[in-house]
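These are the residues of each chain, in order.
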Amino acid sequence: MDSNKSANVAMLNRKPADENSKSAAKGNTKPKPDVNAGKTAFKNSGSQTAANKSSGGKFNITVRNCNLHYGDFHALKDVNIDIEENEVTAFIGPSGCGKSTFLKTFNRMNDLIEDCKITGLIEIGGQDIYAKSTDVTMLRKNVGMIFQKPNPFPMSIYDNIAFAPRTFGIKKKSTLDEIVERSLKLAGLWEEVSDRLNKNAMGMSGGQQQRLCIARSLAAEPKILLMDEPTSALDPISTGTIEELVNILKTNYTIVIVTHNMQQATRISDKTAFFLLGEIVEYGKTEDIFLKPTDKRTENYITGRFG
Amino acid sequence: MKKNAHQRQIFKYSALKVISFVMVGLSLLALLAVISFILIRGVPYVNMQLLFGDYENEPSIKPALIGTAYLVLVAIGIAAPIGIGSAVFLTEYTNSKSRLIRVIRIATETLAGIPSIVYGIFGYLIFVVALGFKYSLIGGGITLAIMILPVIVRSTEESLLAVPRSLREGSFALGASKVRTIFNVVLPCAASGIVTSLILAIGRVISESAVLILTIGMVVHKIPEGFASPGTSLALDVYYFGSHGYPEQAAATGVVLLVLVMAINILATFLGKVFGKGELANG
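As they're listed, the protein sequences go chains S and D. In case it helps, our numbering puts the first sequence at residues 1 to 307. In case it helps, our numbering puts the second sequence at residues 1 to 283.
No wet-lab data here; the hints were simulated from the structure. One or more of the hints may lead you astray.
To be verified - Examples of chain S residues toward chain D, derived with CB under 10 angstroms:
id : residue
1  : M109
2  : G126
3  : Y130
4  : T134
5  : M138
6  : N142
7  : V143
8  : M145
9  : Q148
10 : K149
11 : P150
12 : N151
13 : F163
14 : R166
15 : R216
Predicted model only: the values in this text are computed from it and were never measured. Virtual Cβ for every residue (Gly too), placed ideally from N, Cα, C.
Model the full structure from these sequences, guided by the hints.
Here it is in structure tokens:
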């Protein structure tokens with residue numbers, strides 16, 4: 001635990017990776033110590049044997065023929081994608097093209113919407129997350145989400161971070177203290193708030209609030225982080241801070257980020273998927289998408305001809 | 001020609017301003033007249049005998065103070081949990097567009113609009129006659145609870161709906177269950193509104209008289225022995241003193257009632273501010 005912590009601190013002090021150090025960091029990626037022995041991550045304890053055949057704590061995302069309807073509206077059309085572990089994948093595309101909707105299928109946030117129907121296969125680590133045996137609570141623990149607008153709870157900074165651990169039954173003060181400190185350090189917020197953990201989180205600036213929300217997600221020890229336009233409500237400096245953070249976090253987490261900002265996609269993502277009218281038009285390495293797009297529509301979008 | 005039209009506009013504008021100013025003045029005057037009249041007539045008669053003395057030769061409102069306390073206890077004790085529970089069900093567990101919700105909403109609004117004397121006759125027929133409670137504080141308290149229930153449901157619902165959806169989503173996204181989300185995120189955020197609505201409901205209980213005339217017996221001279229015994233309330237004492245030849249005491253009791261209700265309203269505003277500090281200032 002301790003060595004892990006100091007490693008995290010070391011990572012924080014590193015500047016956003018240039019090409020070399022980025023690939024170096026990727027080279028010696030160690031699997032993060034896994035608290036719930038990831039194998040049965042999303043399953044109810046009853047169906048452990050069924051889950052055991054799936055890989056040892058892998059968290060890649062596979063989607064096959066995903067269709068999603070809101071009532072009569074066909075929001076996602078036959079979407080297929082493979083998202084690798086420990087990579088940053090960006091979803092770009094004009095407003096209302098289904099990027100956020102697609103993102104929300106990965107932690108089943110669409111369950112909250114009444115007339116939303118999803119068909120097709122969505123697997124995380126080889127497990128169908130829409131299967132009956134899936135424990136949505138565990139799924140959401142493993143797949144954290146950052147929203148467009150920072151949404152800290154109107155309680156203390158400490159209680160915000162401790163929310164998820166407490167949900168999963170951690171009550172011991174020393175353990176919680178440790179999680180709070182580790183999560184805040186990971187999110188690069190510790191230095192700024194360590195002396196006012198008991199202050200209400202609503203008193204923080206927008207950028208701090210968003211990093212608090214990231215820390216709050218990290219406290220649940222997720223494997224995947226979904227970010228839904230996390231910087232669209234922030235100023236350029238806070239945006240830069242969050243982008244640095246994404247670069248640091250990707251060594252240990254799989255990150256999927258929806259963004260309207262194409263420069264942002266080129267700065268932080270390894271792969272990019274271009275969405276249009278509920279379909280993925282093109283998906284590939286970010287540099288390929290932006291330098292030599294194969295589809296005319298992608299080219300038109302990234303050169304600013306529409307959108 | 002054009003200029004004329006413009007001048008007419010200006011005239012209309014200033015005339016309206018003057019008229020509305022006069023109207024505001026009149027309504028303020030009415031309010032001031034009531035308050036100052038009651039204070040002038042009543043304050044000289046507010047004394048220890050009236051407040052805490054025994055009701056023997058001189059009238060006292062001690063039985064009414066105790067009776068009122070019993071009524072508040074019963075009415076809020078019953079209406080608060082049921083009202084808050086219903087509001088949570090309505091906002092968190094049902095689709096706001098469903099027919100059930102619309103029916104319930106119409107029902108609560110109708111309930112809120114029923115004249116209180118109708119609640120009174122209901123309480124009389126059910127508790128005093130049918131259930132054989134005779135005149136009792138508990139019967140009156142339960143009737144009051146039914147009367148304030150729709151008010152509590154409605155205002156609690158408003159406070160719950162004011163909690164941003166993003167907070168619920170944030171909680172769910174962290175793996176929290178619905179129950180945990182409601183108890184640890186939604187209800188704490190809505191606390192100020194809920195507390196305010198409960199305090200205002202207490203105000204309604206204290207100032208209610210029509211219901212109680214028919215249900216608690218208006219026994220002004222005896223301290224109630226418990227929930228089952230008959231009693232009186234402050235508002236009833238005003239009526240009793242006024243109609244039995246003690247106009248000064250009636251005014252004095254009015255002063256007590258006025259001060260109490262005003263204190264409650266100030267407390268409600270104050271608590272709303274304290275709880276609400278920075279709470280939902282999500283920007």
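Exercise. Okay, which hints does this one fail, numbers in order?
Worked result: Failing hints, ascending: 2, 3 and 4.
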